[in-house]
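Student: So the chains spell out like this:
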Amino acid sequence: MTLAPVCAAHVGSPDVYFQGDAGPYHLVVMIRTPQMIPGVAEFEISSDTPGIREIKIVPLYIAGEGSKYPPPPDIVNPSAGDPQFFSGKLWLMGSGSWQVRIEANGDKGSGTVAVPVPAYARNTLAMQRGLGFLLFGLMLLLVIAIVSIVGAAKREGQLQSGEQPTPRQRRSARLVMAAALVAVVGILALGNMWWRVSAAKRANRMIYVAPKLGVTLDPAGRMNLEIGDSKWHSSRADIVGTALIPDHGHLMHLFLIREPAMDRFYHLHPDRSGLTTFTDDLPPIAGGHYKVFADIVRASGFPDTLVADVDLPDLPGKPLTGDDAEANAPALTESARPNTSAPLSNGARMIWEREAMPLVSDRLLWFKFRVEDTSGQPVTSLEPYMGMAGHAEFIRSDFSVFAHVHPDGSIPMAAYTLAEATLGADSSSDKAPAEDMPGMAMMKSSGTPMPSEVSFPYGFPKPGLYRIFVQVKRAGKIETGVFDAKVN
Amino acid sequence: MAQTVSRSVPYDLSRERASAIPWFIWSGIVAVSSIAFGLYWDISWHQTIGRDTFWTPAHLAIHFGGILAAFTCSYLIFSNTFSRDPAAQSAGVRVWGFRGPVGAFLTAWGGVTMLTSAPFDNWWHNSFGLDVEILSPPHVVLGIGILAVSTGVVLLLVSVMNRADSDARAKLSRLFLYLCGVLIFQHMILVSEYNDPTLMHSAIFYTVAALGTPTLLVAYARASGHRYGATIIASIYMLLTAAGLWILPLFSAHPRLGPVYTNVTHMVPMAFPILLAPAAFGLDVVLNRFSNRSRWLQAVLAATAYLAILVIVSWPWGDFMISPAARNWFFGQNYFAYQVPPSEYHLAWEFERFEPTRAQFAMGFVYAWVSGVASFFVGIIFGNWLSRLRR
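Those protein sequence lines, which keep their order, are chains A and B.
Residue 1 is where the first sequence starts when you use my numbering, and the numbers rise one by one after that.
Residue 1001 is where the second sequence starts when you use my numbering, and the numbers rise one by one after that.
Treat the hints with care, as some may be off.
Stated by the list, open to error - Okay, the calculated bits of chain B under chain A, using three or more residues with CB under 8 Å as the criterion:
1) 1187-1197
2) 1221-1227
3) 1251-1263
4) 1376-1390
Please keep in mind that the hints were generated in silico from the structure rather than gathered at the bench.
Where a beta carbon is used, it is the ideal one built from N, C-alpha and C, also for glycine.
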């Protein structure tokens, strides 16, 4: 068994996609988070409801003392070309669990929605080659120039006008220039040392590191998981929190995907066995090397996706129960042809209602899926699955991207509930927390037939080959449609 | 009125009105003042408004100062280099075939260094996050550029002053003392993290006060030719800092970043100045009394007097500054940046034990004294060189 730490809040997919209601206005929100914190995030908001005159937007922490003291919001006016589109920038000055509070004011009154945004420093930037050459060239120029100036000052600085320096003064100036050169090179060497130490210290303090996930298998076929310590989290206990809260009714969502083909997929929900340990009686497993993704949410709403690798033998296992699900699919290969239809059980199928245009990265896209019965008719037997109309997992072929997305977007439901709860009684948003989320609304209306379609707002973080696992519940059975997508 | 600057000096000064201060001196003083006040404003901006862009007024003031100084000095260099007047040609120093005053070259160098720091700083922000500290590597490059610009203007003014007759010299000397006060003000901004009253019972406060500041004080005092030059320069620093403390809060401002732990409604100023003038007076007296002794002895005596007076004055002053009596607009101990939660106010009102043990505290004072001696020694050499600068 092996373990390997990787990334946060999804893996390799840091941007936030969200749809929800700010009072009478239905908004679709995309927030590009900065690579380094403190940094500047970019947001794009489009409203399905016309009539918004202005949007007030402000970022603040979800939990902790800082959540009580927001700065005055920025006022954003509609874009010149599209009265239902708004964009701008947000300053995120610390890592942690933020919310972006959006107040929409317009013809239909006003309403507020709180979008959770996990902020964390991801990486430092290597210096671009051109900039490196430019700065190095300037450094050389400045070194030579300052030595020359010091020499000139020594040689001629104290002479009367018209007086020429003596040979002795010239020699003395050359000595001073040599000393100045040694001093400047020494200062540069010390500066370089200090810069490296300073940069390493800062990176060490700022850059997010997911807790390690220890994975072991006992002889009875039970998987044991242990969440390791993380200095990044413990040093931000007040704004990130270390305790766990349930998301969709589970403290952990565990995904096992067989590498490299992604031909076996398991979505499980281990039981907590200790403060930081979980166990799961595994279902029947086809042996192989598996990538493990474990989604958890902290008390502040900050989500972590823990990552590990594990080799599993063929296991007879126990039957799947509750919300646990599995899927088999053909091997994913670079030559695989993207599909828009995936078989489900009993002859049903799931259709990806793709637009004709090619898929592109770094842009909000709508992923719409329709479930049909054997005769091609939309099914009427869909039910909420863990409170949502559906769940979708987007995984890049090299496993560098993993995102667990819902119809409301890429945010964890638990974080959204916490953020909405902070709106307080003075908010003009008169809904109960989380009531406006499509998935939750559907859960409440489970007595009536659900639509046969489910859609997800999401954007691929980078080009490549992706496999998408789309999960719905139909007539009490969890079904998974598997789709492949090439992204430019 | 008598001719103020001798006819043989370069820059075609004969075209200036007889009693006028050369235009490039005014230009240099405006540039340095703009940089120094821009730095002060920038610190206040970070404490009050928070949101930082290239185009904040404080940044523009700093950039304006750098550009004005660099253009002024570039003009001087080119006009000297390509002048047909042999007197002008032979009056400057020669660097890479160009001719001009030493100060002009140094200021131009500082301008280029300041420019160099801009793309470096931009990359640093993207790579390591927006500014949360004063002394980041690109800021140090910017600081070196500012130091060079400022020192270059000092050299420029000193060289003109040293060539001037007595009437003009008196005027130039007054400007020079003001300029040096601004430079100490600027230097104190850079070391402000260690100037806090909460450190006045720690050795680090005295070590930082003994490192660098004495060099500038003694060198500039000596170059000014004034018997109490250091006292005047230190007083100007104190006056400028106190003026910032009293004037900035008159301007309304609100934070634009969160969380806003302290509800700031006006610009938050920097702290009350440290009591530098009494220590500067002590070193003036010592250096006047022992001016004919060796430089090392002067440095040892000056450092001892300077540090002793600083301790005698600052130790009880620290007690006062952390007391409720200083929590008012005059002493400024009631101002807090928007990032400071009220639960942390008490940290500004109690002494920090920077050196955890007595041995470290004692060693800190040894470092302070050694730093002071070294700083004074360098300052005396630099001051003597300055007082003979002609070009």
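Student: With reference to the structure, classify each hint as holding or not holding.
Tutor: Status of each hint after checking the structure:
1. 1187-1197: Since three or more residues must qualify, the claim that chain A covers the segment 1187-1197 of chain B is violated, with 0 doing so at under 8 Å.
2. 1221-1227: violated (count 0)
3. 1251-1263: holds (count 8)
4. 1376-1390: holds (count 4)
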